[in-house]
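Peer 1: The listed protein sequences correspond, in order, to chains B and S. So the first sequence is numbered by our numbering: it starts at 20 and just counts up by one. So the second sequence is numbered by our numbering: it starts at 244 and just counts up by one.
Quick caveat, the hints were computed from the structure, so don't treat them as lab data. Hints should not be assumed to be uniformly reliable.
Chain B stretches covered by chain S per the calculated footprint, using a threshold of three residues with CB under 8 Å from any CB of chain S [as the list claims (entries may be wrong)]:
hint	segment
1	128 to 139
2	157 to 169
3	256 to 263
Pairs of lysine-lysine residues, derived as BS3-like cross-links and limited to a Cα-Cα distance of at most 27 Å, are as follows [stated by the list, open to error]:
hint	chain 1	residue 1	chain 2	residue 2
4	S	Lys246	B	Lys271
5	S	Lys423	S	Lys546
6	S	Lys538	B	Lys113
7	S	Lys423	B	Lys113
8	B	Lys268	S	Lys250
9	B	Lys212	B	Lys193
10	B	Lys193	S	Lys278
11	S	Lys517	B	Lys113
12	B	Lys39	S	Lys278
13	B	Lys272	S	Lys401
14	S	Lys246	B	Lys268
15	B	Lys268	S	Lys278
16	S	Lys401	B	Lys262
17	B	Lys268	S	Lys401
The beta carbon of each residue, even a glycine, is placed where N, CA and C say it ideally should be.
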Amino acid sequence: MELYEISRSIRKKLIMMHYKSRTSHIGSALSIVDILVVLYFRILSVNPQKPSWEKRDRFILSKGHAASALYCVLAEKGFFEKKLLDTYCVNGGKLSEHPDRLNVPGIEVSTGSLGHGLSIGVGMALAAKRDKKNHKIFILMSDGECEEGSVWEAVSTAGRLNLNNLVVIIDYNKLQAYDRTDDIQSIKSVKEKFRNSGWDVREIEGHEFSSIEKGLKIPIAENPTVVVANTIKGKGIKEMEGKMEWHYKSPKKENLSDFLKELNSDEKSFHKKTD
Amino acid sequence: MRKAFIKKLTELVEKDKDIQLLTGDLGFSVLDDFKMNFPNNYLNVGLMEANMIGMAAGMSLSGKKVFVYSIIPFITYRVLEQIRNDLCYQEVPVKIIGVGEGLSYGVAGATHHSIEDIAVMSALPNMIVISPGDPIEVEMAIEKSLNLDLPCYIRLAKSGDPVINNSDIDFEIGKGLILKKGRDVLIVSTGNMLEVGTKVVEKLEKINVSTELVSMHTIKPFDENLLISESKNKKLVVSIEEHVKTGGLASRVADVLISNEIRIKFLRVGLPDKFIHVVGEQEYLRDLYGLTPDKITDKILEKLEVKNKT
Ligand SMILES: Cc1ncc(C[n+]2csc(CCOP(=O)(O)OP(=O)(O)O)c2C)c(N)n1
Ligand SMILES: [Mg+2]
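Could you build all of it, start to finish, from the sequences and the hints given here?
Peer 2: Right under this line is the structure:
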């Protein structure tokens, strides 16, 4: 399957999962689908049959509230059967709204409280260096998450230790839960702070596969890398795109056919087939 | 309970311009009107909870009456030393409003469960810990919190909690409320388990077990006198909480009973000392851990050694 087909089918699945479970954060999930698809199908060296294979690249979803998207990608990649996705947030199940590494194969770190992932990633990167291992550590954070002070402690340490096996992706979707992100802490200042701590800073279009892939194929550099991905919260469903309320709302029965139709229609598809 | 909180705070801010509300990026649809109508009394600090507690301390030391608002784990565990040093140690009366007590955020998972918060917060000297039983108690607690000289933590459920008390209750921080008198069993409940408590009472009364119900909304300072007087001549004391059994209500009750040499049967209803990895909504998890009216009633009857179970 081509990447855009995978993305499309995951977006459709997400509509159904959030509709059935009535959970929040569908906007947060839709904004990272394309990044996750490129990561798992073009970048990460992982083995779905052996989730704890020692040489695998590590991926941490620090914005744990968007775990539904990660579950879909892990299922697509074969870490577990797709039918497990139907148990998302179902009583007695394993797939909680925020990911639990002791419940789900392929989840490296349990997250849900923002601002934890990067420090854990720094620890993994340092351990890999000490062991002279070549795998990389990828961490996906949200833009609002970068407000947490703990993030900046980790940024500082990674710069100090020249952890060039560390790649951070920031989902710059411009919205957090109760304000526009740039009104709380501007992305400009975020980039400057990374740069000042010795990081390479890149920018990509977070819904264009070629741009994502180019941005994430990191040649071995001196420094840790941060990739700021320009994204849209709720990407794929016009009704949701860029709207704060879709941090909380979930699709209703009467929206389903419209939403699914929108995702099905090739004309409206935002991915170029050649992309 | 969130609505009750903001309703009361809105009433108060109209009369008292020193009131300040800081939020850690939460409050969509709950704080909207407050944010719009009182921009000078409101700030979204952002996803910066540690900073928010320190700021609240500074504003409070400058004469403001500060309420900080977020989901419980992010405004308690995450910022514990800020709370301990900047608020408790220095006796700075900031009001911490935590949302999502117990298993309110059921399917969200353990990062969002708040089942050790009473234990953690009560361990801090000078901290006043309040876990209101219904929206009426929330409103009263918010109002009375303005007179406190010490920091307090008020633990709220999410939404849709039923009103249980009459609106004219005599509410004091540190004094439990007797909702119903009884002779055989004393049920002491805290937080949003009060509704379950009322249902247990109904079931027991139906089979002629006379039951008393107390809403112990303040865990610290604990209403020792009430427990001593109301446990007198009872056959059984029961504590009910959506919290681990150690360090919360049960431990407080046990402390009082033992240190006052009250020898009585005692049943602790609460959660085990573990993270809940099973995914489930609040009702489902309550059932799994025996926190439903039926299961609690059965346990009480077992303890009383009454044969005819419900
Ligand atoms: C430490 C912490 N504080 C608050 C929250 C509650 N919360 C979950 S998502 C969110 C907003 C996040 O916005 P952003 O980081 O930009 O993520 P997006 O939803 O846009 O992906 C908040 C406040 C949390 N999960 N963790
Ligand atoms: Mg965002």
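Peer 1: Give a verdict on every hint.
Peer 2: Each hint, compared with the structure:
Coverage of a stretch by a chain is defined here by at least three residues with a beta carbon nearer than 8 Å to that chain's beta carbons; for the segment 128 to 139 of chain B and chain S the count is 6, and the condition holds. Judged by the Cβ-Cβ criterion of 8 Å, the segment 157 to 169 of chain B is covered by chain S as claimed, because 5 of its residues qualify and three suffice. Under a criterion of three residues with beta carbons nearer than 8 Å to beta carbons of chain S, the stated coverage of the segment 256 to 263 of chain B fails, only 1 such residues being counted. For a cut-off of 27 Å, the pair hint linking Lys246/S to Lys271/B stands: about 24 Å separates their Cα positions.
Restraint check for Lys423/S and Lys546/S: the C-alpha separation of about 21 Å stays at or below 27 Å, so the hint holds. A hinted pair counts as satisfied when its Cα atoms are at most 27 Å apart, and Lys538/S with Lys113/B qualifies at roughly 25 Å. Distance restraint check for Lys423/S and Lys113/B: the Cα-Cα separation of roughly 41 Å exceeds the 27 Å cut-off, and the hinted pair is therefore not satisfied. Proximity of Lys268/B to Lys250/S is assessed by CA-CA distance (about 23 Å); at most 27 Å being required, the pair is judged to hold.
A hinted pair counts as satisfied when its Cα atoms are at most 27 Å apart, and Lys212/B with Lys193/B qualifies at roughly 18 Å. A C-alpha spacing of about 20 Å is found between Lys193/B and Lys278/S, which places the hinted pair at or below 27 Å, so the restraint holds. Note on Lys517/S and Lys113/B: the hinted pairing holds, with a Cα-Cα distance of about 17 Å set against a maximum of 27 Å. Using a Cα cut-off of 27 Å, the hinted pair Lys39/B and Lys278/S is violated, with the two alpha carbons roughly 32 Å apart.
Between Lys272/B and Lys401/S the CA atoms are separated by roughly 24 Å; this keeps the pair inside 27 Å, and the hint holds. The hinted pair formed by Lys246/S and Lys268/B meets the criterion: a straight-line CA distance of about 18 Å does not exceed 27 Å. Restraint check: the Cα-Cα separation between Lys268/B and Lys278/S comes to about 21 Å, which is no more than 27 Å; the hinted pair holds. Pair hint Lys401/S plus Lys262/B holds up; C-alpha atoms about 23 Å apart against a cutoff of 27 Å.
For the proposed pair Lys268/B and Lys401/S, the alpha carbon gap of about 16 Å is at most 27 Å, so the pair holds.
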